[in-house]
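Enquirer: Residue numbers (my numbering), protein chains in the order written: chain U, 1 to 182; chain H, 1001 to 1075.
Hints are supplied without guarantee of correctness; some may be wrong.
Claimed, not checked - Coverage of chain H stretches by chain U, computed from C-beta distances (three or more under 8 Å per stretch; other residues unrestricted): (1) 1015–1025; (2) 1029–1038; (3) 1050–1061.
Stated by the list, open to error - A few chain U residues that face chain H, going by a derived Cβ cut-off under 8 Å, partial list only: (4) 32; (5) 34; (6) 51; (7) 62; (8) 84; (9) 118; (10) 168.
If you're looking for bench data, these hints aren't it; they were derived computationally from the structure. Even glycine gets a Cβ: it sits at the ideal position worked out from N, Cα and C.
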Amino acid sequence: MNRRDQEHLTTSPDGRLPEEQPKWRQDFPIDWPEDHYVSRRDFTKFMVLTSLAFTAGQFWIVVQNFIRQRQGKLPLQKIADVAAVAIGGAVTFTYPQEHDSCLLLRTGENSFVAFSQKCTHLSCAVVPQPDKGRFHCPCHEGAFDMATGEPIAGPPRRPLPKINVEVRSGAVYATGIELRTI
Amino acid sequence: MKRRFTREQRLTIIYGILCIVLIIVMLQLWLLMATMNAYLGGDQSVIFPAALASLIGLALNAGLLWYVFRMERRR
C-alpha cells in the first residue's frame, strides 16, 4: 500500500477512489484529517471573498467621491433673519439637502457659527448645551466643543462638519460645508 | 513533472496560505476604515492610492487561491 492510499482511512460507499467521487462527497469527507484540510481550504475561500468585498468597498468610496466632486459648489441658502436668533440661542435648519440637519448658533452680536447636527460617530442628532459650552450626543455620550465643533468626549473622533455662514442684509446665509478630518 | 503533495503537505500549505490571506484581509479592513474616515472628513488624497493598494491585496489573495485550486487538480 503506497502513502497516498494510506491517507484514506475509509472507503466510499461505491468503492471508487476519493478523486473519482462527486464534488459534494469530496466536500464532506468522513476522515478527520481530510475534513481538517477541507474546512481550512473553505475558510481560505471565504476570506478571499471577504477580501473582494473590502476591495468593492474601496471602489464604492471612489465612486461616491466622484459623485460628490461632480456636485460642485453648494448653493447659497438663507437660514434665518439675524433678529430671529437671540444671542446665545440656536436654530435648526437643513443644508444642503432637506435631510441634512444643521444647527446655527449666535455667539455674539454679529457672530454666528453653524455645524452639522449629525454626530460623526453614528449620525445621532447632537443637542446644544450652552451652559456647558458643548454639543452633546445622547446616544453614546459624545461631546463637541460648541465654538469649534471639535470632539471633546466620547467615541467621536472627527469634528462636526462646519457650515460656512455669512451675514447679508440682516439675514444669515449658509454658503458651503467644510468637512474636517482628525 | 508536476509534483503531487501528500495530505500532510497540503494541510501545511493551506495553513501557510491561510495565514497570508488573513494578514492581507486585516490590512484591507484597516485600509477601508482609514479611507472611509478620510472620505467623510473631506480628505480626497488617499482615496485612489488606497483603492489601488486594496486591489493589489485582492490580486495577491486571488493568486494564492488559484494556487490552492491548481494544487487540488493535481491530486
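Enquirer: The structure should be examined with respect to each hint, and the outcome stated for every one.
Expert: Status of each hint after checking the structure:
1. 1015–1025: The restraint on the region 1015–1025 of chain H holds, since 7 of its residues have a Cβ under 8 Å from chain U and three suffice.
2. 1029–1038: Satisfied; 7 residues make the cut.
3. 1050–1061: holds (count 7)
4. 32: Check failed: Cβ of residue 32 of chain U comes no nearer than 11 Å to chain H, outside 8 Å.
5. 34: This interface hint holds because 7 Å falls under the 8 Å limit.
6. 51: holds, 5 Å
7. 62: Because about 5 Å separates residue 62 of chain U from the closest Cβ in chain H, which is inside the 8 Å limit, the hint holds.
8. 84: violated, 30 Å
9. 118: violated, 10 Å
10. 168: violated, 25 Å
Comparing the model with each earlier hint shows violations of hints 4, 8, 9, 10; every other hint is respected.
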